[in-house]
Amino acid sequence: MQTAVLQAEQKQTTPITRGVLDELFDELFPIFRSITGPGYRRSMEVLSRYMPLETERVPSGTEVFDWAVPPEWRLYSARLTGPDGTVLADADRSNLTVVNYSEAIDRRLSLQELLPHLYGAPALPEAIPYVTSYYKRRWGFCLPQTEIDRLPEGTYHAYIDAEFVQGFVELGHCTLPGENDSEIVLSSYICHPSLANNELSGPLALLLLYDRIARWPRRKFTYRFIVNPETIGSICYLHRHGGHLRRKMVAGMVLTCLGGPCERLSYQLSRRSNSLFDLTVLDVANEGRIPIDIRAFDPADGSDERQYCSPGFNLPMSQMARTVYGRYREYHTSFDDKAFMDIDVVYRSAEQIETILQRAEISGAYRNLKPFCEPQLGKLSLMPSINSPDTKDSGERRAARRILTILNFSDGNTTMIEIAKRCGCSVVELEPYIAELERAALLTVA
Amino acid sequence: MQTAVLQAEQKQTTPITRGVLDELFDELFPIFRSITGPGYRRSMEVLSRYMPLETERVPSGTEVFDWAVPPEWRLYSARLTGPDGTVLADADRSNLTVVNYSEAIDRRLSLQELLPHLYGAPALPEAIPYVTSYYKRRWGFCLPQTEIDRLPEGTYHAYIDAEFVQGFVELGHCTLPGENDSEIVLSSYICHPSLANNELSGPLALLLLYDRIARWPRRKFTYRFIVNPETIGSICYLHRHGGHLRRKMVAGMVLTCLGGPCERLSYQLSRRSNSLFDLTVLDVANEGRIPIDIRAFDPADGSDERQYCSPGFNLPMSQMARTVYGRYREYHTSFDDKAFMDIDVVYRSAEQIETILQRAEISGAYRNLKPFCEPQLGKLSLMPSINSPDTKDSGERRAARRILTILNFSDGNTTMIEIAKRCGCSVVELEPYIAELERAALLTVA
Amino acid sequence: MQTAVLQAEQKQTTPITRGVLDELFDELFPIFRSITGPGYRRSMEVLSRYMPLETERVPSGTEVFDWAVPPEWRLYSARLTGPDGTVLADADRSNLTVVNYSEAIDRRLSLQELLPHLYGAPALPEAIPYVTSYYKRRWGFCLPQTEIDRLPEGTYHAYIDAEFVQGFVELGHCTLPGENDSEIVLSSYICHPSLANNELSGPLALLLLYDRIARWPRRKFTYRFIVNPETIGSICYLHRHGGHLRRKMVAGMVLTCLGGPCERLSYQLSRRSNSLFDLTVLDVANEGRIPIDIRAFDPADGSDERQYCSPGFNLPMSQMARTVYGRYREYHTSFDDKAFMDIDVVYRSAEQIETILQRAEISGAYRNLKPFCEPQLGKLSLMPSINSPDTKDSGERRAARRILTILNFSDGNTTMIEIAKRCGCSVVELEPYIAELERAALLTVA
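First to last, the protein sequences are chains F, Y and D.
Under our numbering, the residue at position 107 of the first sequence is numbered 107, and the numbers go up by one with no gaps.
Under our numbering, the residue at position 279 of the second sequence is numbered 279, and the numbers go up by one with no gaps.
Under our numbering, the residue at position 178 of the third sequence is numbered 178, and the numbers go up by one with no gaps.
Looking at chain F on its own, in the form it has when it is part of the complex (with noise of 0.2 Å):
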């Protein structure tokens, strides 16, 4: 039995705790990363003690699709100084002062010259903001608002000792492989330095879901895990195994954002809206048991799901978060930190993702193994092999009414969520009746 296969596969390891998590998050925090260099590679190093990544390299300069993988960035130091003399901004003190992906500059120049290449948070003006420019050239540093409006004029320094090597994107990801090859995809990003909601929560998540799923002591699906640098990290990956995830994907999850103080979580619906993910999320959600809101699908706003939903793909692939980039002011500057975020919040948003994804395993479509007439379910002891008053109302004859349901409906078509709605009851309710369906071989996932 493949099930028995997978039971002896199951971790002897200790379960990653809250603390593990508090503890990752301290070591990965400080780490300045982008989407190339060494400190990608070492945030990619840290998650693999917890989840065995493989990783992939795509060079520097390799097409894929519309873009160029871009050269590896490497920031030696930085630092602004001051008419007076004053260390107005420092890399050493700040992973988010230097714009990321700065070009090398050693200019003095007037506050006129200089303000252009200064970026503060006006709606945060105490923050430093998080800015990139990874595909145009260009040097700045970042302030809090109030700073830059306090500057003197005068001669100020700009020093930023950068290079640009040829490097390359790194990708990882693992499986942990189901009782039949259709996979479900967990995805989420590395590559901002020193923010927490919108960077940490994600990869934390996925390793405590890692975790979890690899105990389960049944996996219907394949699930697939991935950490890449966000927008050009899912490109180089759709680029290598967009053809794989077409054939095999049946729904999938960007991991974004799911720290912070808002009390539901919030599920972007993928492209397509009837994923299994989406089809699951709804009904979990119409329960309340978890409190979840739903947004449409946005091609124009959001992680790496863009990709994965580009037209030619249009690949099932949904997002989960709880306190939304873009809906909240700390997002994108030094206020979005472990205080911002807390370690708890992540852990309860995987834990609910984790019901999430056992609901999934049973919610899909089903194909009735022998669809001519009704199979002969007395020789199974599934239903009364008696016909009389006393099976009327009993609990016996509410099973046998559900199994003939069950049966009738799994054309391949149509989901148990469906199904679940004609019983009258929820999924879970049906459970033992499917897996007793299965076990009787008269039932499969379709």
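Accuracy of the hints is not assured; some may be wrong.
The list makes no distinction among identical chains, and a pair is therefore deemed to hold if it is satisfied within one copy or across any two copies.
Below, a list of computed lysine-lysine pairs in the DSS-like style, where the Cα atoms sit at most 27 Å apart [said to hold, decoys possible]:
1) K379 <-> K136
2) K370 <-> K136
3) K370 <-> K220
4) K220 <-> K421
5) K370 <-> K248
If you are wondering where the hints come from, they were derived from the structure by calculation, not from laboratory data.
Assemble the complex: chain F is given as a structure, and chains Y and D must be docked to it using the hints.
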């Protein structure tokens, strides 16, 4: 002309009257029936006097899909004697008093040992219930619950002289050919001994419908009439004829429970819920002349449509009833008798079903046989040949409007019900135009 | 660049003005027309001065689908004289006074014999009605109902000198090529003598539209302009060109009854009800700037779209009118004249239709030409190349949102109308982005 041939075939016999149905009921009711055996065969011979049933035999032990045809059950006698020698149950007194398909027994036992073999109908304590155990060997007696409750301690004698022999399930069917070979299927079952509404009402209505349809001046469709033992008979029938039905069957109805006190017919939609009958019955029900309740398809409760509508076949089989199985207390007890059922109601049910079948004859989709541009209707005196103010609001003009609307939408997909809605009238009002266009070779059933 | 070629082709002639339409009306109105014959041909020559119509001739007797092309009708003179010698009707005084396609007659008859050959318009008793009998030989005179009612007993002289000769139905069409060879069809008819709204308003609007569209700097679609005699002309046209239209036609409109006093245009949906014009007109009507009523497709009343929308063709042909045939008392009488119609209203109708055609140019479905992942829009300065707080709410950011939304949903099926709804704006507001993406070879009409 095919129509002429059909008219020539019309029966010269006298029509079946209420009186004939009444006599047939009295002849069929006392026969000791099961799903196999001499009582079943005798019943089929009686029905064959009014409907030219061809029979087919499927031997015991034959594998049909997931089932095996059971052996034939022969019951010679069955008697339960009390401690004081009173005969408590005797198959010669009631056809229901022995569990159908009981194995042989000749044993003296205490009340405690006996009780698991006794079946009452707690909800109707004076009635003898109808109990079967076709696929698991058991023995038992059926008694009024009040008698069971009064049984004293002591030694009882359970005596059943029965045997299981190599036999067969017998299937019966016949057809009335129509102008095309697409088939309308009407099916009922015969296997319950001495039950009225939930047994004889079905085949009696079927007989009357056969008689009526045979006398129609014209049949667009071919009509197939089927009588089997319930469930196993349909499974055998589909094993032999399922492929044919998948190619030819346009719509079908299982007839059951057509007597009884309910004022309204009760129609169960096919699994597809869009068969010709489904659409026709909804149209008729909306008009309100024939009172009909609509039930959703239910794979977990019902009659032979459960087999026809299994997902591998998914045939357009609906079900027509009146006082529905499981929804009346007398169901499957000795109180489901002629007094409960009422021959007049069965007769009325069949007449209402005939009206529905006549509607279905014209309600489906048609094909315009000259679909490129409008036909030159002036040639056929269907249209005014002059365009003048006089023709604007005349009946001739309305006829032309209806004819043009019928022709335009008869694209093989749009039903005449939909076309009638566009014309703002009933399908019945379109019938003369349809007939005229068929005669002019401009229109045919799709 | 194909666009440049089209610009070079632009007409250097002076635009058609209201004055030109007015003169054309006066030239066309008095011509004695029918579906064949010299009056029809003279009318086509007049139209050809402003639109390079190629003509095709289908000889009398040719079988076209279910029809035969009628002989050409030549009317030399027609006169009805009363008992006292008064000339009651004379074709030289009114084009409508003889039933169109009357056979020759030279007979003296009593009032009783005459009356079945006289046609009045009871609803408008002072008007001469327009009566035709193309496919059944008749003769008759049309008179004001008041005059008919006053006729005294006595001997009348009916004299019609006419003959039927081997002739032809003449079809006229021309095209304006566009960037692709998918075709927009604009069709009108010319065959009624001396009627205004329900005759000349259509071809006059068509002329103006030809003139306007020829001057557009760019045409995405190819435009086909058709003028035929009504009904038989379209049937002949479809017999010759129906296959071509089935391959190329994207949308079409029959132009009829575009003058008259109604404030609102009146659009009849195509049989499919989802053509590019159907969707565009619904979108424009919802916005409310051009007041338009929507009529359902009606196969039983209308103009040439009845042939285009016959089920064998089912072409996406709609119809645009204003004061609709059959809905005004003057319809098909001598009172449907220039005073009733109003050249200014015809002019305005054509201008409104031009606006709708311009909307249709951009409203359909497109294909993203780089559909795998997002294109690197930074390369094209369509997108901000820096991700900083400043770009969050800027116009640049909104442009980027719209561009990404257009690209994601341009999958060849989703219309720009639907995409505009997702963007929360009008199609018109998306036009600059569409144009920019077309120039960048990222987008093309589907």
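Going through the hints against the structure:
1. Proximity of K379 and K136 under a CA criterion of 27 Å is satisfied inter-copy only: 9 Å between copies versus 71 Å inside one chain copy.
2. Taking the shortest Cα distances, K370 and K136 sit within 27 Å of each other only across copies (21 Å), while inside one copy they are farther apart (61 Å).
3. In this assembly of identical chains, the alpha carbons of K370 and K220 lie at most 27 Å apart only when taken from the same copy (20 Å versus 35 Å across copies).
4. In this assembly of identical chains, K220 and K421 lie within 27 Å of each other by CA distance solely inside one copy; the values are 22 Å within and 39 Å between copies.
5. For the homomeric pair K370 and K248, the shortest alpha-carbon distances inside one copy (25 Å) and between copies (23 Å) are both at most 27 Å.
Hint compliance for this structure: every hint is met.
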